[in-house]
Amino acid sequence: MKTFKQHLVRGIVGIVIARVTAFCTVGGLLGGAVVGLSSCNSYLDVNTDPTRPSSDQISLSALLPSIQVFTADAHARVSLSGAALWSQHLANQQSGDDDTHNTSGTDWNAAWSTIYLSALTNADRMVKLGVTQNNPHYQGVGKILQAINLMYATDIWENVPYSQAFRGSEVFTPQYDNQQQIYGTLSTLLREAVQLLQTPLPPGAEPLSGDLVYNGNVDNWRRLANTLLARHALHLSAKGAQQAGQAALQFLQAGSIATNAGDAQFAYTGGVTPFSIFRQNANELTIGRIFTVVIANYIVSQMNTINDPRLPLIARGERDNVLTTYTGAINGAGAAANGANTYMTPSTWYAANPVQLVTFSEAKFLEAEARFLAAGGTASSTGAPAEARTALVDAVRANMTKMGVAATAIDTYLQRIPPAAMLKLSDIMMEKYRALFLHPEVWVDMRRYNYDVNVYIGLQLPQNHNPDLRGRWIQRGIYPQSEQARNQTAFTANWQSRPDFLAEQMWRDRR
Amino acid sequence: MNNILRLCGVALCVLGVSLQSAYAQRTVTGKVTDKETGGRLAGVRVQVKGTRVGSVSDAQGSYKIDVPSDGQVLVFTYVGYAKKEVTIGDQTAVNVALEIDARALDDVVVTAFGVKQEKKALGYAVQEISAGEIKNANTPNVVSALQGRVAGVTITNSGGAVGGGSQILIRGISSLSPDADNQPLFIVDGIPISNATQSGNVQPSAGSNAIAGSNEQFAFTNRAADINPDDIESINVLKGPAATALYGLRAANGVVIITTKRGIAGKTLITFSSSVTVDEVGKTPTVQTRWGQGGSADTADRRTNFWSFGLPRSLNPNDPFFDNYRNFFRTGTRFDQNLTVSGGNTSTKYFVSASRMDQTGIVPGTDFQRSTVSLRGSTDFDEKFNVSTSINYSNSGGTRPNNGDRSIFSALNFWIPSYDVNDAAIAAPPLNQRTTDPYQPIRTADGRITNIVYNDGVIDSPLFFALRSALRDNVNRVFGDVKFEYKPTNWFTATYQLTLDYYNDTRRRVAPPEVGPAQTVNGFIVEQSLNRRELNSQLFLTARESFSEDLEGAITLGNAITDIENSSILARGQTFALSGFYDISNTAVAFNSRDFSVQRLIGVFADARLTYKNMLFLTLTGRNDWSSTLPVQNRSFFYPSASLSFAFSELLKNDDNFSWLSFGKLRGSWAEVGKDGIGPYRIGEYYGSVGAINTTTGFRLSPNAGSNQLRPERTTGIELGLEAKFLDNRLGLDVTYYSQEVRDQIVNLPVSLATGYSTFLINGGTIRNTGVEVLLTATPILTNEFSWDIAINWSQQRGSILSINEGINEILYLDAIGYIISKAVRPGSDPTNPNPAVGDLYGYDFVRNAQGQAIIQPDGYPTVDFSRQVKVGNALPNWQGGITNTFSWNGLSLAFLLEFRQGGDVFDIAEPNRYRNGISGWTDVRYRNIVFNGVNTQGQPNTTPILWQGAAINTTNFLFRNFNRTINAYQLNLQDASWIRLRNVSLSYNLPKAWFGEGSFIQGIRLTLTGNNLWLTTPFRGFDPDGLANGSGANTPGFVGRNTPATRNYAFGVSLTF
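Protein chains in written order, with our numbering: chain V, 1 to 511; chain W, 512 to 1569.
Incorrect hints may have been included.
Stated by the list, open to error - Short, incomplete list of chain V residues facing chain W, as computed with Cβ under 8 Å:
hint: 1; residue: Ala-62
hint: 2; residue: Gly-376
hint: 3; residue: Thr-378
What the hints assert, rightly or not - Stretches of chain V that chain W covers, calculated by requiring three or more beta carbons in the stretch to come under 8 Å of a beta carbon on chain W:
hint: 4; stretch: 45–57
hint: 5; stretch: 98–106
hint: 6; stretch: 128–139
hint: 7; stretch: 266–272
What the hints contain is simulated information worked out from the structure, not anything from laboratory work.
Nothing here was measured: the structure is a model prediction, and the numbers come from that model.
Using N, Cα and C, we set each Cβ at its ideal position, and we do this for glycine too.
All chains should be modelled from the sequences, with the hints used to inform the complete structure.
Here's what the structure looks like:
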């Protein structure tokens, strides 16, 4: 009788044969190489993706253009997801849509994703890489781009993640910083950026390249940072108008954007901007009727009244035809209600030109407002320093020049600006309202002055206004649905009970 | 290589012979053959009766046994054949012919690595589906052929699109990861084949279809559908970890073993079969017929938008009614042709088959074709060495309809029943000739179709979309193997198999400028080429031994190496320059990308089996895997299993008191399976190209990253079962209980985008699946001419979430659709869900007071509470089952399969637009005074009715369109998708042989009539709920709609044998 030992011997012989044969045969068959037990590890060391660069392979100049396109995307997302509807630049084609101050978490998924996942994440990586490589200029540019995007975020949602954000697996559920902290962070980022951009490039550091905004011009970036610091200062006008005005002036005088050529703008591939949401067809006459938005009656009627030469540039008929009479849609009523005919077709100015992030014109509007406030002006006061009027005239001229309005037409238009002694805040803010069409800053301005009809003359709540707001104006967007699902605790902590949440003023705008 | 094998074999021969010779008294040799075919039988057990001396026949059917001096009788046993005893007498050569035992054949199943085992010996549940059942099912996809037939197995189709994928889940969802594929491993004749459903990259598109990796757009084929169902001899479903432990990590979700038909020695058979099938759309949504087009019942203007909230039809004769949900679909057809030739002699056997299927879909413009060719052969070089090989080629593909958001099926919900959806011809007028009237008839004066109907660019004409914006795919696939079997002695077998599975899938999608998703970019075209190649090397060494007459043992040692390479090239162009010419060369903006990955796996395993008195069976297994996809320090892992089967009826077989018991067995198993759970390149972080940006290219941090500390998942399971047959096998029962726990779940966690990532791969938690499976068989009537068989399967399954790891709040499955969300929460974290389970659905409720009463606003409406999501249901059925009745009378056979699914909540993604536009049947109640249950803001019972205001619809104050007040509430959106359906009816008739005469060229003719889905009852309001919104590769049950609806079909087939 065979013993257990003998069976065991068979087993062991079996194992040895299994391994040796398997590795020999397979090695031979698979690649001609012998894959023995010892080479098992190298056979398995194939877990590196050849189609994507690793953290070690990435460069500053490969990240910069991406962050820039994401920033322009974010600008357009914020505008189209709500800002331009609630500032009544645009109206919904259907009645009862978002422009009646209805908004939902799903409306804001795209803006949040663009700002956080795309723009801020990569800006964070670029700044860190700039530190590692001791490159002050990339760090400075990175911080400016961080500031622009973080400003969009807090302008929509007030409290937002930042100090605990971008930490990957260390913090899966970042808590939100309150808006006061965020405004501190913005100031720090921009001040540091100015410093870094004035630091000479150390030997061996890569000069700014891949820069699709300023083509590597470091001084332009510094001027942009100062302009943003001025914007930042005026954002806090509700906290103290005079000080805000004075602070803004200091930044502007430190060297802000000084010409139209210094505008921070972004040109998309093939000229297809996010505001060009219409079919473009090279062979056939272009038509397009966007489903959701029409240019709003509030801006169109103003421009009609004052015969604004920019109206034919920003609005066309639904078949891209030039209109003889312009009728904007009344917010909340639907385009059909009054036969609105003003569309943003592909050949309109904002669809066909680079996205205007921060412009010389805006810098001059900031200066005009800053001088008005610094001199003690209020929403209802009359009279301003002469420099305020000069800045306002420069701001309008810069905008019209850029849009290609003829010089004579500009001069004619400018005659409507009252003399300094008669200047009101509304003169400045209404001009800015028309010049910064679709710009999210306009919605910030309106909320800073709490939709004051002394500033925004003739402004009315949309029809079919969301009853939950009980006649009050919308003050914010809603946190995206993705945050509610993925970061529930932080989401809930920053959510105040509806319906008052939407109508509640942000910290920034509270006096 | 042969030399090596031979050398090893010789070495073992020497060893074996020397071990045995010491006990020899006299030697008997002989051959064992199949009585009917004369083919030689390998692996037949030969035993000297009354002793423990035994032997096994070799590949040539030859055996040699050393018989002790007192040995008188040889006993021959072979799985599937009747036992035979032969008295030796003075013979030194004993040749026997064994007869197939029809009843015994039922008791043989294919287990891991193709090993045929007696069912009796198994310590775990295995269920077999025969060729006949697959034939009866008459589905082109082998996976959907299993529907309703296997206990514990859930098959869900991706709808009725031709070539559409089907999903198979064995014992439910075993993973918490939103992107996990929970489907089993598919093995065809020992060849691991891919059953992947590759969604590829279908961007860009619009709506939720624009989300990267979205697979709802086209119901892509699950690749097991490349197999010709007619080639299949049997399918064995291995369910639990004990059954699949030997296959290793890729089998953690079970294994589907497909055995194909083989040639039989001495019998040349030619069969030809042909069938024609007619498909029509199955269940369609109920539609209200009472109200016409318009925005208000009180105004005469019916031309208000795409709503059907207008005047009653009776008041407006110009408002006809069309049931577009039915009228849109046409009758689909399917033609199948199969030819097989098989045969062989004693040493060489072959099988050749060819098939062709041509199908047109119920959606206009869609079609699917499949051609397959298979060659299989085996030959014995000598008595010890057998080589077999197979090669299978298939070509498949077709024109696929666009599903999902902003597709044919979303547009259909905007189609006013006042217009005929088919009132359209094929060509759109030039864009500049379109009128601005948004309500134009869709047929132009010259009879052509336009795509502008209601709102240009957003709501397309479904017909235009179907005919002009389909996707074409073309798949070429080859899989095959070479297998060497070497039996140097009768107790030892060495098998080596090298397998290949390769396919190339080219896809082309054109979206002309006219269709909504393509308008902003003036049309786009996507060309993609996907390649997958898998090589497997498998070596098994098996030694068998009889330790005594009562105790037998076998040990198998094996090694398996898997090498998978995936690659794809994508070219996308947008903005067509030349109108009407759709080619990538005609695009102004180009995007290119490439994917490439390699994945390797090495496994070493052992399997030991002990049999005591043909009554107690013990199996022990162990396997170690090394996976290339895990972090180096964690890539090696070992796992064992043990299973025991106790055929207690053996003890009672001579007891007359138990004569009613034909067979009884208890089984139990414990097993652990490790799993890498991820594909290649999922750990660490990378940067990805953003593509062309103006004049340069940019990179960004890839939003999906993974932990460098990832550990393999571990599945530990127990399974207990009882199998019994009564009254001479007329009644049978098989009950299984199982519980399996998956620890260290690898989860692709959706995280706050503020972390810098969108998803992060980590070990995330533990779930436990428990379930009961019952199989009941009965033969109420059995006479020579007539028989009635019943087979019932029933199963219940629940997946509990036991824990979710620290640092994770919850795991989100699907949040792309706002109304209903699918997620897993940590136990104890959510008061609305004390016992979280796999498949939980969440949604928004109304604002309620502390007593739970809904608070009704002064206008009579409640308000949706958006501040929190509450548990509202579960997507997985409570139980499911099937009943098959088969009646046979002479050559006539009638079988029908009733399928049940009880419970399982679903959200019909398409439905909100259906009621928002006033089409749904239940919007009929629109102008009744409804008083919501609840309390008013003063806490008093609400008595305020919501009233039709008599003016144009105020959308902020309207039941069917108000997001904030009503339609985001789960109460309007969650539905019960229970069903009872007549899944399959099959009537077949074998023409009597006498009709052909003796020796006729024709051996047999069989006629069949089959019908699928002939009857369905369900409370679900939409199309047939058997349709996954996200395709067959997704882990998101509970979401249906917006895909091609399931069909009902009728087929006639004829099969000839020569």
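We went through each hint and held it up to the structure:
1. Checking V/Ala-62 against chain W: minimum C-beta separation of about 4 Å stays under 8 Å; hint holds.
2. With 8 Å as the threshold, the beta carbon of V/Gly-376 stays out of range of chain W, its nearest partner Cβ sitting at about 41 Å, so the hint is violated.
3. Against a cut-off of 8 Å between C-beta atoms, the interface hint on V/Thr-378 is violated, since the closest Cβ of chain W lies about 35 Å away.
4. Counting residues of the stretch 45–57 of chain V whose CB lies closer than 8 Å to any CB of chain W gives 12, so the stated coverage by that chain holds, three being the minimum.
5. Counting residues of the stretch 98–106 of chain V whose beta carbon lies closer than 8 Å to any beta carbon of chain W gives 5, which meets the minimum of three for the stated coverage.
6. Figure legend: the stretch 128–139 of chain V, annotated as covered by chain W; annotation inconsistent (0 residues with Cβ-Cβ distances under 8 Å, at least 3 required).
7. Here the stretch 266–272 of chain V counts 5 residues with a CB under 8 Å from a CB of chain W, which clears the bar of 3, and the coverage holds.
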